[in-house]
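**Student:** Chain by chain, the residues:
There are 2 protein chains.
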Amino acid sequence: MRPTTQLPRRLPRRVEIVEVGPRDGLQNEPRAISTAEKLELVRLALEAGVGAVQVTAFVHPRWVPQMADAEEVGRGLGELARRPGDEVARDRPAVRCSALVPNLKGYQRAVAAGVKAVDYVLSASDAFNRRNLNQSIAESLRELEQVARAAADDRVALRADISAAFHSPFEGAIAPARLAGVARQAASLGVGEVGLSDTDGFADPLAVGAGVEAVLAGTSLQVEQLALHLHDTCGRAIANVMAGLEVGVRRFDASAGGLGGCPYSPGASGNLATEDLVLLLHDLGIETGIDLDRMLDAAAYALQFSARPYQGHALRVKRPELFRQA
Amino acid sequence: MRPTTQLPRRLPRRVEIVEVGPRDGLQNEPRAISTAEKLELVRLALEAGVGAVQVTAFVHPRWVPQMADAEEVGRGLGELARRPGDEVARDRPAVRCSALVPNLKGYQRAVAAGVKAVDYVLSASDAFNRRNLNQSIAESLRELEQVARAAADDRVALRADISAAFHSPFEGAIAPARLAGVARQAASLGVGEVGLSDTDGFADPLAVGAGVEAVLAGTSLQVEQLALHLHDTCGRAIANVMAGLEVGVRRFDASAGGLGGCPYSPGASGNLATEDLVLLLHDLGIETGIDLDRMLDAAAYALQFSARPYQGHALRVKRPELFRQA
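From first to last, the protein sequence lines stand for chains Z and E. Counting from 1, one number per residue, gives the positions in the first sequence under our numbering. Counting from 1, one number per residue, gives the positions in the second sequence under our numbering.
To be clear, the hints were calculated from the coordinates, so they are not data collected in a lab. Just so it is clear, the structure is predicted and the values come from calculations on it, not from any experiment. Among the hints, erroneous ones may be present.
Pairs of lysine to any residue, SDA-like flavour, derived with a Cα cap of 25 Å [stated by the list, open to error]: (1) E:Lys318 <-> Z:Ala173; (2) E:Lys318 <-> Z:Phe170; (3) E:Lys318 <-> Z:Ala127; (4) E:Lys318 <-> Z:Ala175; (5) E:Lys318 <-> Z:Glu29; (6) E:Lys318 <-> Z:Arg308; (7) Z:Lys105 <-> E:Arg131; (8) Z:Lys318 <-> E:Gly285; (9) Z:Lys318 <-> E:Ala127; (10) Z:Lys105 <-> Z:Arg130; (11) E:Lys318 <-> Z:Asn28; (12) Z:Lys318 <-> E:Lys318; (13) E:Lys318 <-> Z:Lys105; (14) Z:Lys318 <-> E:Arg131; (15) E:Lys318 <-> Z:Arg43; (16) E:Lys318 <-> Z:Gly192; (17) Z:Lys318 <-> E:Glu29; (18) Z:Lys318 <-> E:Ala307; (19) E:Lys318 <-> Z:Pro30; (20) Z:Lys105 <-> Z:Asp153; (21) Z:Lys318 <-> E:Glu171; (22) E:Lys318 <-> E:Ser306; (23) Z:Lys105 <-> E:Pro309; (24) Z:Lys116 <-> Z:Glu16; (25) E:Lys318 <-> Z:Leu206; (26) E:Lys318 <-> Z:Tyr310; (27) Z:Lys318 <-> E:Leu206; (28) Z:Lys318 <-> E:Ser306; (29) Z:Lys318 <-> E:Pro30; (30) Z:Lys318 <-> E:Phe170.
Every beta carbon over 10 Å from chain Z, so not counted as near; a handful from chain E, in silico [claimed, not checked]: (31) Glu40; (32) Arg62; (33) Gly235.
Ideal Cβ placement from N, Cα and C applies to all residues, glycine included.
Please construct the entire structure, taking both the sequences and the accompanying hints into account.
**Tutor:** See below:
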């Protein structure tokens, strides 16, 4: 008998999952998905017990035609809340639903549509920031300052999403200190939550752990204020979740059915599938508040929108009949 | 600034990958794959720098028709070694190639065919052992004793592969102490190496870490004598590799193109793809001795044998042209 070499891991007891399928999952799908279909996906996710949903993006419809109905989705949330007899109504979905905004104009559109929580996107990679947002990181931070001021006045919850936080398709590995620098500036503007995105899915678990550690060590942000947004391009999404859990992260984005992907990354597969994340967390004994079976219903619904074969895993395992060839 | 909460991880500097595509990858494929095709896959893996290949299984052809040419594959390795001008020849593939044997008869067939390394398979799950091998674990251990004695006489390297080491499709989670008990009995018979298999791919990283720790604490086996064999059914293969690396494991099975899968598990996807594992390890700064680009050639070759779409990741990322629809 020898002593064990590993310290017992202390993982969080509860994790919150942010369902991003209606936005990140659908934005690059070729066929037009109706507002009603998007709202049905939101409803299914909320009914499964998902605590937060990113429902749309207030971006220019020329760049992302799929999100051209952002106002209708925002207004639809209000109607969802008013549906009689619907258990979702009691949870006031408008409060638990956020929208991505790339700039102040997008923010103003979101607020006008009744959205109460916004995700402002910038990047730790200057090249990625320029390609995705057509401005430098410094310019994005100046605009974030305006958005943060408006959000404080409007009592709108604000999260800053740092894309390419660990790896950039244009620059390769992002130094943890550089990520921490961007996060520090965002935090200094009063942002309440920061999302760290492995946008192209090339980060490895050591990079994710080091990046989160650098943000915790180099900013005023507490681990409760962080979220991780992971893609499964290289089959590492679950490994990167583990790396995040080990440093205390307890909020993760995921997409029903694994829909989505980074348009700048060759062969990039989708987001971490929500159902895969729920299955993992439950196996680890971590609470999510989500009913896996109802989440599988949401994933099966989401899958019909995808032009690609299923990229997740749990649906294939738990609902093999969906994948049997005729 | 706060101190970091995570200990620096000490991962192994070098990892050996055992390519199991020619055996585990192909055994359930519906179309008959020729001996020449199997040997070409072995050759491509060896040329990529893979240190060890599991080339076939000496099982009854009624149960696994795809392995009916085990003798021809065994003899073909000798011819591979004699091919003039082939750089593989210098590495004497017969020495680096192993074959699975389910019993003493299979062992005798393997040795008669010139195989110098065998993998004897049993399980930590009694139900799995009965279903897969038609006998109890105790009976498998008694037969292992005979195989171990013969292997010592014949100077044949012997590895014991413990299937369903962490999770069984019939019994669920396997207690680490139970796994350690089977490993301890195998080690007491003089087995030089033990493989721990997440056969159905349902283990989570905590289970893998706990299982390896229990084996190290409860047997005479050193970590150098262990190998992990992981499936990606739930998208956790890479996370489980990380769990293994963290407890010092430095030998992993993988299958070119991610071929293979557990026939008893609904919707089970394939083995961990060798190319995904190589990409991960190189990103982590761990040596493998494998040229990723040539490994991708082997994976692309292997993929033609698969009746399923590609289940790995690195080939899609690095060779997107293979996946473009016409």
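**Student:** Work down the list of hints and note, for each, if the structure agrees.
**Tutor:** Checked hints:
Taking the CA atoms of Lys318 (chain E) and Ala173 (chain Z), the gap is near 17 Å; set against the 25 Å cutoff, the hint holds. Taking the CA atoms of Lys318 (chain E) and Phe170 (chain Z), the gap is about 15 Å. The hint holds against a cut of 25 Å. For a cut-off of 25 Å, the pair hint linking Lys318 (chain E) to Ala127 (chain Z) stands: about 21 Å separates their Cα positions. Between the alpha carbons of Lys318 (chain E) and Ala175 (chain Z) the distance comes to roughly 23 Å, so the proposed pair stays at or under 25 Å and holds.
With a C-alpha separation of about 22 Å, the suggested pairing of Lys318 (chain E) with Glu29 (chain Z) holds against the 25 Å cut-off. Between Lys318 (chain E) and Arg308 (chain Z) the CA atoms are separated by roughly 18 Å; this keeps the pair inside 25 Å, and the hint holds. The straight-line distance between the Cα atoms of Lys105 (chain Z) and Arg131 (chain E) is roughly 63 Å, outside the 25 Å bound, and the hint therefore fails. At roughly 36 Å between alpha-carbon atoms, Lys318 (chain Z) and Gly285 (chain E) are farther apart than 25 Å, so this suggested pair is violated.
With a C-alpha separation of about 21 Å, the suggested pairing of Lys318 (chain Z) with Ala127 (chain E) holds against the 25 Å cut-off. Between Lys105 (chain Z) and Arg130 (chain Z) the alpha-carbon distance is near 18 Å, which keeps this suggested pair within the 25 Å criterion. Between Lys318 (chain E) and Asn28 (chain Z) the CA atoms are separated by roughly 21 Å; this keeps the pair inside 25 Å, and the hint holds. For the suggested pair Lys318 (chain Z) and Lys318 (chain E), the alpha carbons sit about 30 Å apart, so the restraint of at most 25 Å is broken.
With a CA separation close to 38 Å, the supplied pair Lys318 (chain E) and Lys105 (chain Z) exceeds the 25 Å bound. In summary, the hint linking Lys318 (chain Z) to Arg131 (chain E) is supported, as the alpha carbons are separated by about 22 Å, within the 25 Å threshold. Between Lys318 (chain E) and Arg43 (chain Z) the alpha-carbon distance is near 37 Å, which puts this suggested pair outside the 25 Å criterion. The suggested pairing of Lys318 (chain E) with Gly192 (chain Z) is violated, with an alpha-carbon distance near 38 Å, which exceeds 25 Å.
In summary, the hint linking Lys318 (chain Z) to Glu29 (chain E) is supported, as the alpha carbons are separated by about 22 Å, within the 25 Å threshold. Between Lys318 (chain Z) and Ala307 (chain E), the direct Cα distance comes to roughly 21 Å. Compliance with the 25 Å bound is thereby established for this hinted pair. Distance hint between Lys318 (chain E) and Pro30 (chain Z) is fulfilled; the C-alpha atoms sit about 24 Å from each other, no more than 25 Å. Between the alpha carbons of Lys105 (chain Z) and Asp153 (chain Z) the distance comes to roughly 16 Å, so the proposed pair stays at or under 25 Å and holds.
As the CA atoms of Lys318 (chain Z) and Glu171 (chain E) are separated by approximately 17 Å, the hinted pair is consistent with the 25 Å bound. Distance restraint check for Lys318 (chain E) and Ser306 (chain E): the Cα-Cα separation of roughly 19 Å lies within the 25 Å cut-off, and the hinted pair is therefore satisfied. For a cut-off of 25 Å, the pair hint linking Lys105 (chain Z) to Pro309 (chain E) is broken: about 43 Å separates their Cα positions. At most 25 Å may separate the alpha-carbon atoms for a hinted pair to count; Lys116 (chain Z) and Glu16 (chain Z) meet this at roughly 18 Å.
In summary, the hint linking Lys318 (chain E) to Leu206 (chain Z) is supported, as the alpha carbons are separated by about 22 Å, within the 25 Å threshold. A hinted pair counts as satisfied when its Cα atoms are at most 25 Å apart, and Lys318 (chain E) with Tyr310 (chain Z) qualifies at roughly 20 Å. Between Lys318 (chain Z) and Leu206 (chain E) the alpha-carbon distance is near 22 Å, which keeps this suggested pair within the 25 Å criterion. With a C-alpha separation of about 22 Å, the suggested pair Lys318 (chain Z) and Ser306 (chain E) falls inside the 25 Å cut-off, and the hint holds.
The suggested pairing of Lys318 (chain Z) with Pro30 (chain E) holds, with an alpha-carbon distance near 23 Å, which does not exceed 25 Å. Using a Cα cut-off of 25 Å, the hinted pair Lys318 (chain Z) and Phe170 (chain E) holds, with the two alpha carbons roughly 15 Å apart. The claim that Glu40 (chain E) is not at the interface with chain Z holds, since no C-beta of that chain comes within 10 Å of its own (minimum 25 Å). Against the 10 Å criterion, Arg62 (chain E) stays outside the reach of chain Z, whose nearest CB is about 26 Å from its own CB.
Non-interface status of Gly235 (chain E) relative to chain Z is broken: a Cβ of that chain comes within 10 Å, the nearest being about 4 Å off.
In terms of the numbered hints stated before, the structure departs from hints 7, 8, 12, 13, 15, 16, 23 and 33, listed from lowest to highest.
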